[in-house]
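Based on the hints, put chains E, G and S with the ligands in the right spot on chain W.
Chains as they are written, first to last, in this note's numbering: chain W, 1 to 341; chain E, 1001 to 1341; chain G, 2001 to 2341; chain S, 3001 to 3341.
No wet-lab data here; the hints were simulated from the structure. We treat Cβ as the ideally placed atom computed from N, Cα and C, and that holds for glycine. Check before you lean on any hint, since a few could be wrong.
The following label-pair restraints were derived from C-beta to C-beta distances [unchecked claim]:
#1 S:ALA3340 with E:TYR1339: 29 to 35 angstroms
#2 G:ASN2005 with E:ASN1117: 42 to 48 angstroms
#3 S:THR3050 with W:GLY233: 37 to 43 angstroms
#4 G:ASP2101 with S:SER3022: 45 to 51 angstroms
List time: in silico SDA-like cross-link candidates among lysine to any residue, alpha-carbon distance up to 25 angstroms [claimed, not checked]:
#5 G:LYS2202 with E:GLU1044
#6 E:LYS1202 with W:LEU31
#7 W:LYS100 with W:VAL179
#8 G:LYS2131 with G:VAL2204
#9 E:LYS1177 with W:GLU39
There are 4 protein chains.
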Amino acid sequence: MRISNRKLDHLLITTYYDVNHSVTTLLEEVLPVPRAAPEASLDEVDPSITLFGKRIAAPVIVSGMTGGHHIALEINRAIAEVVEELGLGMGVGSQRAAVKDPSLIDTYRVVRRVAPNALIIGNIGAAQLAKMSIDDVEKLVSMIEADALAVHLNVPQELFQPEGDRDFRGVIKAIEKIVEKLSVPVIVKETGHSIDPVTVSKLVSIGVEYIDVSGAGGTSWVRVEELRARNAGEASLAREASVYRNWGLPTAVAIVAARWAAPTACILAGGGVWNGLDALRALMLGADAVTVALPVLRAYADNGVDGVMAFLSRYVSELRKGMLMVGARTLRDLYATDYAL
Amino acid sequence: MRISNRKLDHLLITTYYDVNHSVTTLLEEVLPVPRAAPEASLDEVDPSITLFGKRIAAPVIVSGMTGGHHIALEINRAIAEVVEELGLGMGVGSQRAAVKDPSLIDTYRVVRRVAPNALIIGNIGAAQLAKMSIDDVEKLVSMIEADALAVHLNVPQELFQPEGDRDFRGVIKAIEKIVEKLSVPVIVKETGHSIDPVTVSKLVSIGVEYIDVSGAGGTSWVRVEELRARNAGEASLAREASVYRNWGLPTAVAIVAARWAAPTACILAGGGVWNGLDALRALMLGADAVTVALPVLRAYADNGVDGVMAFLSRYVSELRKGMLMVGARTLRDLYATDYAL
Amino acid sequence: MRISNRKLDHLLITTYYDVNHSVTTLLEEVLPVPRAAPEASLDEVDPSITLFGKRIAAPVIVSGMTGGHHIALEINRAIAEVVEELGLGMGVGSQRAAVKDPSLIDTYRVVRRVAPNALIIGNIGAAQLAKMSIDDVEKLVSMIEADALAVHLNVPQELFQPEGDRDFRGVIKAIEKIVEKLSVPVIVKETGHSIDPVTVSKLVSIGVEYIDVSGAGGTSWVRVEELRARNAGEASLAREASVYRNWGLPTAVAIVAARWAAPTACILAGGGVWNGLDALRALMLGADAVTVALPVLRAYADNGVDGVMAFLSRYVSELRKGMLMVGARTLRDLYATDYAL
Amino acid sequence: MRISNRKLDHLLITTYYDVNHSVTTLLEEVLPVPRAAPEASLDEVDPSITLFGKRIAAPVIVSGMTGGHHIALEINRAIAEVVEELGLGMGVGSQRAAVKDPSLIDTYRVVRRVAPNALIIGNIGAAQLAKMSIDDVEKLVSMIEADALAVHLNVPQELFQPEGDRDFRGVIKAIEKIVEKLSVPVIVKETGHSIDPVTVSKLVSIGVEYIDVSGAGGTSWVRVEELRARNAGEASLAREASVYRNWGLPTAVAIVAARWAAPTACILAGGGVWNGLDALRALMLGADAVTVALPVLRAYADNGVDGVMAFLSRYVSELRKGMLMVGARTLRDLYATDYAL
Ligand SMILES: Cc1cc2nc3c(=O)[nH]c(=O)nc-3n(C[C@H](O)[C@H](O)[C@H](O)COP(=O)(O)O)c2cc1C
Ligand SMILES: Cc1cc2nc3c(=O)[nH]c(=O)nc-3n(C[C@H](O)[C@H](O)[C@H](O)COP(=O)(O)O)c2cc1C
Ligand SMILES: Cc1cc2nc3c(=O)[nH]c(=O)nc-3n(C[C@H](O)[C@H](O)[C@H](O)COP(=O)(O)O)c2cc1C
Ligand SMILES: Cc1cc2nc3c(=O)[nH]c(=O)nc-3n(C[C@H](O)[C@H](O)[C@H](O)COP(=O)(O)O)c2cc1C
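Just chain W, with the same shape it has in the complex (with noise of 0.2 angstroms):
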C-alpha cells in the first residue's frame, strides 16, 4: 500500500467513524475552583506565550496531521489560514511521504506560504528517523520553514498495522543525534496512547525539552487500525488490536506524570483535549500548552476553513472565559490556580 492511499484511508476513518478510545482523559475530574467575583475584563485576560521563540496568541497547537495527498493540501491549507488569522501554531503530518515522493513537497509546503508568520511544525516517525541523516532532516525543516520539528513515537499504532514497523530500536539514539545537531528544537510526540513518565525522563536526559504527552480519551490509533483491518478483512489483527483499543495513560494522568518527571520541561498536552475547558484544566495540571487534532479535521469536513475557524475561534474564547471564572488574568496566574479532584 502507497503511504498516500494509507493516509488517505487515515482521513476518511478518522472523520467518519467512532476512533476515540472508549476510556476518557480523566480531564473530568478535575474541578477548577471558579472565582465567583474575579475582579477582571475578559478584555484583560491574555493566554498568549511564547514557543519556540514565537508568541502566539493562546496556548493551542493544531496538532499534525496531514499532507501527501491533494486532499491533505486543502486541509492544510484551511487550517493554516485560520491559524494565521488566530495566532496560534499547527503542526503538519508526517512528512516521510515528501521524502519518498518531492511531488508532494507542495501539499506541505502551503501551510507556511498561507501562514507566514504562524508557529509552523514539522513532523516525522521516529522510526524513520532513525534511518535519515541530519541533512536529510533539514530538508524537513526546510521545506515548511518549520519553528520545530515534532518526532512522533506510535508503537501501538504500528504493531497493529499489518505493513507497521516491528523493529523500535535505535529511536532513542536516533532522537539524541537530532536534538543535538537540528537548527530547530525537537519535540517528541505520541499520537495517541500516551508517553509515560519513564520515557519522559530519558528523554530529557538526552536533551529533549519538549514533549506532547498525546494521552488515552482521544483518538486511538489503535482503534484506527482496527477499523482498517477489519475493512481490509484481517479479522485477526483487528480483533487483537479492539483489545488494545484504550492503551495508554489517560491524558490527565499523563500531564500530571510528566510534569512530575520533568518539572522544568515543556509539556503539550494532547489526547482528547477537545475544548476550552479540557484545555483549562490541562494547563491546570502542569501542561504549558495543548495540542489538539481530530475534531479540527471534523471541523473542516463540517464546513471548510469556516468550519475551522469557527472551531478554533470557540475554543479559544472557551479557554479565555474559563480563564477569567478562576480569575487567571495570563497562564503564570493559572498554574497558580487551585483544583479539586
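Positioned in the frame of chain W, the structure of chains E, G and S with the ligands alone reads:
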C-alpha cells in the same frame, strides 16, 4: 433586547425546559444518622430562626427571581401571599429594570404590600451596583421596604449572554461601599455557579456577613443562556455555553468550603436545595438557612398561589419531620447532629 | 380507618407493589473470603443457636408481620407450620388490634397452637406501650405464650401516615419499665429505617439486650405509606413520603454500628436480608441472627404453606452452604471468618 | 446420571449459554504503564518459560476441560494439535470417567499422541483423589504421559449439583500424600471460584508448589449448575445456585493474595483471563503463567482446529505485543514493570 423581554425569556425557559446542571449538588451523599427513638413530638420541633432582625418560622427563603413584567407581578404576589402566611422569607428579582423604568416599580412593590410582615430581600447585580450611587441603592431598599439587599454575582451567566457584561472590575469595591453605608444588611449571592471559599474570605474581609453560596446541582444559568442562544440562532455561543453547563462547586461542597472559610458568617445554601430532606442535609453541613428558586416558579406555573402554598408547606413539613427523625428539636440541635458521607 | 383495614392495605401493598428502598443494604459490598478446601462435610455444618432459652436450628427468624384479620390468620398459620417443622423462630404482627378487639385474638394465637415448640415472639408498638399497664403487656405475651416480646419503633412510618402518631415522648421510659418487669425478654426493633448506634447505646443503658436493627435496603415503610397516601388521594403527603423513601442506615452499616455501640448485646439483623448469602454476610459483620419479613409474605402469596416452606428451607440451605464454603462449621467459626470490603 | 452425560451437558451449556460470573476479574483495573519508546524489536520479545521441566513458548496453558466422550476426543485432539504447533501447554478434563470405564481412555490419550512434545497436564477431582491409591493415580499420569497432574477443588460446584459431593473431608491429606509420592508435580486448581490465601498457605505447607487460583470473573461453575438444575426442573436448587453465581475472589484479587501468601510458589492465573492483555495484567500482578478454558472451547465450537489455532496464536501475539509496549523483552522484565490501579 429590553430587560423585561429577557426576563420573560428567562421565566419561560426555566419553567418549561431542562435547565438543571447535569451534575448533582452532592447533597445526596450526606447520610443523616437517624434517631430511632427521638423522645420528642412533632409539635415541639421548631425550626424558626432570626434573620435580619426578623423571626421566620423556618430557615427557608424563596430566592429572588422576578420583577419588571406584568407576569412577574402575579408571580411575586403569589409567592408573597404564601410567604406571609407561612412566616417565611423571599427575595425579589433584580430591581435593575425598575431603576431604568419606574413604571415597573409596582411589579416589585406588590411583594411588600401583600406581605407586610414577611422577610423581604431586594436584589441587584454586582455589575450594576458599581454604577450606582448609594442613594440609588437605598431607593431599591425603600421600594419594597426590604429587610436586606441581595447583590448577585453571575459572571458565568454574563459571559454566555450575547449582550452580557464582560468587565467585572470594581465589584468588590462597590460591595464594600454598600456594606458600609447601606441602611440594611447586604447578602452576596451567586445564581447557581457557586461562591468559592477564596471569594467568601474576601467578602468577609470587606464586612459581608451574609453569603448565599448558590452552588451547582440545581438551576444552571449557563444552561439557560445556552438555550436562549440556541433559540436566537447563536450556535457558537450556545456550544460554548454547553461546555460550561456544570460550572461551579456542587452545593454541598460550596457549603462546607464556605463554612470553613467563614466560621462565623451567616451561610445561606441555595442551588438545587429542592426538598426538605436536602434542606436538612444542607443545614447539617453548616448552612444557617436555605434558599430555593426554580421549584417555586414551577409550582406557580402548575397551580398558581395554591401550587406555591402546597410546595412551600410541604417543604417546611419535610424539614420538620426530618429534624424530628434525627432527634433535633431546634436548628441548634440540628447543627450538632451526626451525618455520614 | 379501622386497624384491621390498614393491616389489610399493608398486606396487599407490600405483596403486590415495589416497596423496597431504592438504595441497597450494602451487604453486597461484603466479599466473604472462601475456603477452597474446607475440610468439612455439609452434614457437620450446624448453624443452630440458643435464643431466649430455646435452641433453634438456624439463626433465622421470620419478622413479625401480621395478625388481626382472617387473612392474617391463614398467613400466620402457614408460617408457624413451617417454622415448627424447620425449628426456626417467628414473630407475630402488632398485637394492638387484639387489645382493642378480643375477637381477633385467634388470628395471633393460631401461631402457638400450630407451633408448640418454635420460638415465638410477640409484638407491640413503642407508642402503644407507653399507654399500657404491665399487666396489659403480659396479656400479649400469654396470648401466644411468647418467648420474647418485640417492641417496634417506627417513627418514619408514623410520620407519613395520615392517621399516624406525631408524639414520640415517653418511649424510652416505657421500654425501660417493660424490660425491668416483663416475664420474658424484650427485643427492640425498627421496621426498615434502622436503629442507629446512639439509640442502641441508650437502649443498652436501660437494660435492653436484644436489638433488631432493621436497616434500609429491604422493605421501606415510608414507601408503603407513600403508596397508601397516593391511593387515598393524599398527593402532598405521598410526595413528602417519596422524599424519605430511603431513610435510615443501610442494614450493613446499621449492623456494624450497633455491634460497635453494643459489643455484648444480641444484635438481630433485618431489613433486606433476603437470602442465605446475605444472611452469611450479616452474621460475618457481627449480627447474632437475622430476621426476614417481606419475602416470606410473598412466598405465601405465591404458593401458600408450600411457598413458605420452599423459601425458608432454601434460605437455611443457602446459609449452610455458604458457611461450608467459608470453612465455618458453627456460627462461632463464622464470626471469626474473614471478609473483604 | 452417567458422568459422560453430565460432561456433555457441561460442554453444551458452557458453549451456548451465558455462564460467566456477573462480576469481573478486576484485571481491567490494572493499568499497565506503557513505554512509549521501548528500544526493542517484536522479534526479541520472548515470553518463553520452563514449567515442569519443559520449555514452553509462552506462559499460556489451556485449562483442563474435557475427556470421556467421543465429542471430547475431537476437542482434545484439536487443542493438542494447536498446542503442539505453538509450543504451549494444555490440560485434559477430569480423568475420573476413564478410571470407571477404560473404553474412554482414548478420549484422553489422543492428546499425547497428537502432541508428543507439548506440556500435558492430567486432571482429577480432589474428592476422587481421596478414594484412590497412589498406583491408581499413577495410571492417570501414565495414561497421557502427563508432565504434571492437576487436582481440582470445586466445592461450590459440587454443592449445587444435585448429585454432587457434600463431604470434603480428607482432601488436604489426600493431596499431601500425592504430592509426596507422585512421579510428577502436582498442581492444585479451582474451577472458577478461586483459591483463597489461607488455602494457598496450607497447600504450600504440605508441599504443593503449583497453584492455579482460578478466580471469579470468567466461567462460573455455580452458574453452569444453576442452568443445569433449571433444565432438570430443580427450581429450588437453581435459585440457590443463582445466589452464589459470583462466589469467590475475583481473579486479580486472588493472584495478589496468593502471591502474598506464597512468595516463592508457582502461581498460575485462571478464571476469565481471556485475552493477551488480561494475561499481561495477570503476569504483572505476580502470576507465573496463565490458564484459559472457555474461550478455547468456544473457538473450537466456532471453527474446529482452525478456530483454536486462530484464538491461541492471537492470544500469544497479543501478549507479546503487550510485553513490547511495556518494554519487557522477557517475563522477568515483565514482573519488574509498573502498573497503576
Ligand atoms: C487524521 C489524523 C492524522 C494524523 N497523522 C499524524 C501524523 O502524521 N503524525 C503525528 O505525529 N500524529 C498524527 N496524528 C495524531 C495527532 O497528532 C494526535 O497526537 C492524536 O490524534 C491525538 O489527538 P486528538 O485526540 O486531539 O485527536 C494524526 C491524527 C489524525 C486525527
Ligand atoms: C426564573 C429565575 C429568575 C432568576 N432571577 C434572578 C435575579 O434576578 N437575581 C438573582 O440574584 N437571582 C436570580 N435567579 C437565581 C436564583 O436566585 C437562584 O440563585 C438560582 O436559581 C439557584 O437556585 P435553584 O437551584 O433553587 O433554582 C433566578 C432564578 C430563576 C429560576
Ligand atoms: C406486611 C408487613 C407487615 C408488617 N407488620 C409489622 C408489625 O406489625 N410490627 C413490626 O414490628 N414490624 C412489622 N413489619 C416490619 C417487619 O417486621 C420488618 O422489620 C421489615 O419489613 C424489614 O424487613 P424486610 O426487609 O425483610 O421486609 C411488617 C412488614 C411487612 C412486610
Ligand atoms: C467445558 C468445561 C469443562 C471443564 N472441566 C473441568 C475439569 O474436568 N476439571 C477441571 O479441573 N476444570 C474443569 N473446567 C474448569 C476450567 O479448567 C477452568 O478452571 C475454569 O473454566 C475457569 O477458566 P475460564 O474462565 O477461562 O473458563 C472446565 C471448564 C469448562 C469450560
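Item checked: Hints that the structure is at odds with (numbers, increasing) -> Checked against the structure, no hint fails, so every one of them is satisfied.
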